[in-house]
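**Student:** Next come the chains, spelled out residue by residue.
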Amino acid sequence: MDPDMVSSTGWPTSSFAYQINVVSGWDAYNAARICRAHVLATNELVTIRCLNAEVLTSSEQRLQDEVRAAVLSRQLAHPNIYQPFVHFVTADDPAELWTVGPYTPQGSLRDLLDTTFPNGCDEVLTATVLHEVLQALVHLHKLGIVHNRINAESVVITEALRVCITNFQYSRDIHFDGDGSGKLFDCPTDHSILPWLAPEVISQAAHGYMTKADIYGLGVLALEMLNGDQPYAGLELPQMLLYKIQGIKVGVAPTKNVSRHMKVFLSQCLNVDPDLRPSASDLLRHPLFRQVRRVRATVDRYMPRTTRPVISIPEDAFHFGLPLEEPDLPDTFERHAFPQLFQGGLTVYQGESTHEHTCVCGSVGSGDQGTSGREE
Amino acid sequence: MPKSPVQKLVGLLEKLDSGKKAQDEFLKCLLEIKKSLIGGPDSKVPEEVSKQLAKDINANHVLYLLVLHMPSMDFEAKKVAVQIFNKMELFYPFFQHVQKSEFDIASDAFASLKALLTSHKILCAEFLEKNYEKVFQHYQQLLESENYVTKRQSLKLLGELLLDRANFTVMTKYISDPVNLKLMMNLLRNPSKNIQFEAFHVFKVFVANPNKTQPIMDILLKNKDKLVKFLANFHNDRAEDEQFAEEKQYLVKQIKDLK
Numbered sequence: 001m002d003p004d005m006v007s008s009t010g011w012p013t014s015s016f017a018y019q020i021n022v023v024s025g026w027d028a029y030n031a032a033r034i035c036r037a038h039v040l041a042t043n044e045l046v047t048i049r050c051l052n053a054e055v056l057t058s059s060e061q062r063l064q065d066e067v068r069a070a071v072l073s074r075q076l077a078h079p080n081i082y083q084p085f086v087h088f089v090t091a092d093d094p095a096e097l098w099t100v101g102p103y104t105p106q107g108s109l110r111d112l113l114d115t116t117f118p119n120g121c122d123e124v125l126t127a128t129v130l131h132e133v134l135q136a137l138v139h140l141h142k143l144g145i146v147h148n149r150i151n152a153e154s155v156v157i158t159e160a161l162r163v164c165i166t167n168f169q170y171s172r173d174i175h176f177d178g179d180g181s182g183k184l185f186d187c188p189t190d191h192s193i194l195p196w197l198a199p200e201v202i203s204q205a206a207h208g209y210m211t212k213a214d215i216y217g218l219g220v221l222a223l224e225m226l227n228g229d230q231p232y233a234g235l236e237l238p239q240m241l242l243y244k245i246q247g248i249k250v251g252v253a254p255t256k257n258v259s260r261h262m263k264v265f266l267s268q269c270l271n272v273d274p275d276l277r278p279s280a281s282d283l284l285r286h287p288l289f290r291q292v293r294r295v296r297a298t299v300d301r302y303m304p305r306t307t308r309p310v311i312s313i314p315e316d317a318f319h320f321g322l323p324l325e326e327p328d329l330p331d332t333f334e335r336h337a338f339p340q341l342f343q344g345g346l347t348v349y350q351g352e353s354t355h356e357h358t359c360v361c362g363s364v365g366s367g368d369q370g371t372s373g374r375e376e
Numbered sequence: 001m002p003k004s005p006v007q008k009l010v011g012l013l014e015k016l017d018s019g020k021k022a023q024d025e026f027l028k029c030l031l032e033i034k035k036s037l038i039g040g041p042d043s044k045v046p047e048e049v050s051k052q053l054a055k056d057i058n059a060n061h062v063l064y065l066l067v068l069h070m071p072s073m074d075f076e077a078k079k080v081a082v083q084i085f086n087k088m089e090l091f092y093p094f095f096q097h098v099q100k101s102e103f104d105i106a107s108d109a110f111a112s113l114k115a116l117l118t119s120h121k122i123l124c125a126e127f128l129e130k131n132y133e134k135v136f137q138h139y140q141q142l143l144e145s146e147n148y149v150t151k152r153q154s155l156k157l158l159g160e161l162l163l164d165r166a167n168f169t170v171m172t173k174y175i176s177d178p179v180n181l182k183l184m185m186n187l188l189r190n191p192s193k194n195i196q197f198e199a200f201h202v203f204k205v206f207v208a209n210p211n212k213t214q215p216i217m218d219i220l221l222k223n224k225d226k227l228v229k230f231l232a233n234f235h236n237d238r239a240e241d242e243q244f245a246e247e248k249q250y251l252v253k254q255i256k257d258l259k
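Note that the protein sequences, when read in sequence, are chains A and B.
Going by UniProt numbering, the letters in the first sequence line up with residues 1 to 376, in that order.
Going by UniProt numbering, the letters in the second sequence line up with residues 1 to 259, in that order.
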């Protein structure tokens, strides 16, 4: 396959155009690697999900789920919804479906819990993240889309400290997948997400389910964040299902101090009757979220400090417009004789030449500083 | 030079919002085009005329403009516009879209292509028969694609199409062409087990055909021993799939009995 192929949006659609640096996690029954990588041509850092294509095409349902996720992510434009740049199938053997998206240094929220908050995070961070997820849910539910997989694995924090939801494989559209009355009936068959599924989804009741199913998932996500552990951990599967359908709630770990508002929020979200659960837009006004201020600063305060990987350009790479070294000026060259030559930016390398080789993207702003630096 | 009806239509589309008179004039023009494209209840259009008109419509991007201005049309005009849209043959561009490198676009296009080829069986069979050469010339590109997903999905769809009773004539045509047999035999040896398996389901039709053409017979005879040996070791781990095992046994017997 042609290594120079690009998508309509200009992103390379060949695996040769990317360099994978670290495999940071696994997804979907361990069939997909989550990798941190960079684009060779621009050094831009990206996160890539690589799903084995044999697994992808193992069943019609599986393929449909992935196509749905890919198509939806292209159509949904919201600051709290993770938007991959491009999806493509590699020409490698075995072939893989690559989903290239914005860089997420911490991986998913699940990874963050595992590495940084094994005993759960505190209420301020939980409320901040939930509030962001809720805004995405309001948008989705307005469009008639049920996400069906609201859990810590589906929440990512981008490098720009934006909390986004992803993993649209199990989402359903009320208008297309429903029976016409606004109800949905088919239940995702992935066992790993059972703890987050609402009772009415699991029981496959005759009256179906609606957008309120995601609110239940949000409640379980809140528990997951506060406890740090998978919800219902330690329970056998049948027992967990029974608990859910009977409406027996599992709560926050007894050692954990949470506010009254959080307790009310949890019991409202985890209500066994979907009609008694508040809607996503109702919840936005919940008193729990009064403590949410300055989202990015809050998120930033809790993020572990990691250094951005420095990627060096390989020696044999081509360079466009960026000279590797500052060319030696001949001794006889009178610098001060032509000041306008240096101020006017007539020479190609001036200004740009002070750049580090590692920083190619975002080089526009610093050009002026480079010039003034040379003046001294 | 007088304006063609299509050019006139494009001009009228711009003025749609300017009132009742423009709407009426637009509808009149639209009906005129419809009459020469589709014909009426008692008038048939010669094929050259409608073909020329269709070309004209494509060249002026009329379908795109019709969709764009759909909201400003009145009910009657919308109805006619949809009829014109449906009449225009937009089948072949799908093959290009399926081969796009972006997974989401390609898969979406493939789903549409599949729906077009399978949802109305009788109509499709008729269409495939009539346009056999052109359709399969395009389809060949998908089967030879370097994209694993495209290759596998198109091979699977091919198997489904050929084994459908409605497409019997098309199937007979397909399995009498040695080029197709060669392609399937090569796909049987593809590195991917899943592609091998899908290819098997097309290959079996060639062998099971009681009225093999001479070129097909020649290829099978030439490779008789190799094929028997190959099939004996083919996907033996699929023991639990009884139907597959039976079919394989049948094929081996058929090939052994070839004379």
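These are calculated hints, taken from the structure and not from any lab test.
All values derive from a computational prediction rather than experimental measurement.
Incorrect hints may have been included.
Stated by the list, open to error - Okay, the calculated beta carbon distance ranges per label pair:
no., chain 1, residue 1, chain 2, residue 2, range
1, A, Arg-290, B, Gln-141, 56 to 66 Å
2, B, Asp-164, A, Pro-304, 33 to 43 Å
3, B, Lys-222, A, Asp-177, 19 to 29 Å
4, B, Asn-131, A, Asp-114, 24 to 34 Å
5, B, Ser-112, A, Pro-79, 44 to 54 Å
6, B, Ala-22, A, Leu-276, 19 to 29 Å
7, B, Gln-141, A, Asp-114, 22 to 32 Å
8, B, Asp-164, A, Ala-253, 54 to 64 Å
9, B, Glu-160, A, Pro-79, 58 to 68 Å
10, A, His-78, B, Asn-233, 50 to 60 Å
11, A, His-78, B, Ser-119, 25 to 35 Å
12, B, Val-82, A, Thr-306, 31 to 41 Å
13, B, Gln-141, A, Asp-177, 29 to 39 Å
Think of the CB as a built atom: it goes at the ideal place given N, C-alpha and C, for glycine as much as any other residue.
**Student:** Each of the hints needs a verdict: does it hold here or not?
**Tutor:** Going down the list of hints, with the structure as the test:
no. : hint                              : result
1   : A/Arg-290 / B/Gln-141: 56 to 66 Å : holds, 60 Å
2   : B/Asp-164 / A/Pro-304: 33 to 43 Å : violated, 57 Å
3   : B/Lys-222 / A/Asp-177: 19 to 29 Å : violated, 51 Å
4   : B/Asn-131 / A/Asp-114: 24 to 34 Å : violated, 57 Å
5   : B/Ser-112 / A/Pro-79: 44 to 54 Å  : violated, 31 Å
6   : B/Ala-22 / A/Leu-276: 19 to 29 Å  : violated, 54 Å
7   : B/Gln-141 / A/Asp-114: 22 to 32 Å : violated, 46 Å
8   : B/Asp-164 / A/Ala-253: 54 to 64 Å : holds, 58 Å
9   : B/Glu-160 / A/Pro-79: 58 to 68 Å  : violated, 43 Å
10  : A/His-78 / B/Asn-233: 50 to 60 Å  : holds, 53 Å
11  : A/His-78 / B/Ser-119: 25 to 35 Å  : holds, 34 Å
12  : B/Val-82 / A/Thr-306: 31 to 41 Å  : violated, 56 Å
13  : B/Gln-141 / A/Asp-177: 29 to 39 Å : holds, 32 Å
Hints 2, 3, 4, 5, 6, 7, 9 and 12 from the earlier list are contradicted by this structure; the remaining hints agree with it.
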